[in-house]
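A.B. asks: So in this note's numbering, spot 47 of the sequence shown is number 47, and the numbers just go up one at a time.
Worth flagging that the hints you see were computed from the coordinates, not collected in a lab.
Beta-carbon label-pair distances, calculated as ranges:
1. Asp53 x Pro19: 13 to 21 Å
2. Lys46 x Asp5: 19 to 27 Å
3. Trp54 x Leu34: 27 to 35 Å
4. Tyr50 x Met1: 32 to 40 Å
5. Gln45 x Val4: 17 to 25 Å
6. His44 x Ala22: 15 to 23 Å
7. Ala23 x Lys46: 19 to 27 Å
8. Ala62 x Val4: 16 to 24 Å
9. Leu31 x Glu58: 15 to 23 Å
10. Lys46 x Asp20: 18 to 26 Å
C-beta: ideal position from N, C-alpha, C; glycine also.
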Amino acid sequence: MGFVDLHSHVLYGLDDGAPDQAAALAMLDGLAALGITEQCVTPHQKAAQYLPDWDRIEQTLAQLET
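Work the whole structure out from these sequences, hints included.
C.D. replies: This is the structure:
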């Protein structure tokens, strides 16, 4: 049985989380090593600071899933 991370900012370049794909993949590897098997990847939504559009969120997620 694994753990679920409900507050993960691995979607790179969207907020103050992972700055790029390499960092995001390193974060995912580290979380997997800790036993995290599922994640809810959620960028911050903060007007005037972070407000990524849905297409960019889906595109970034798809790039990490490949």
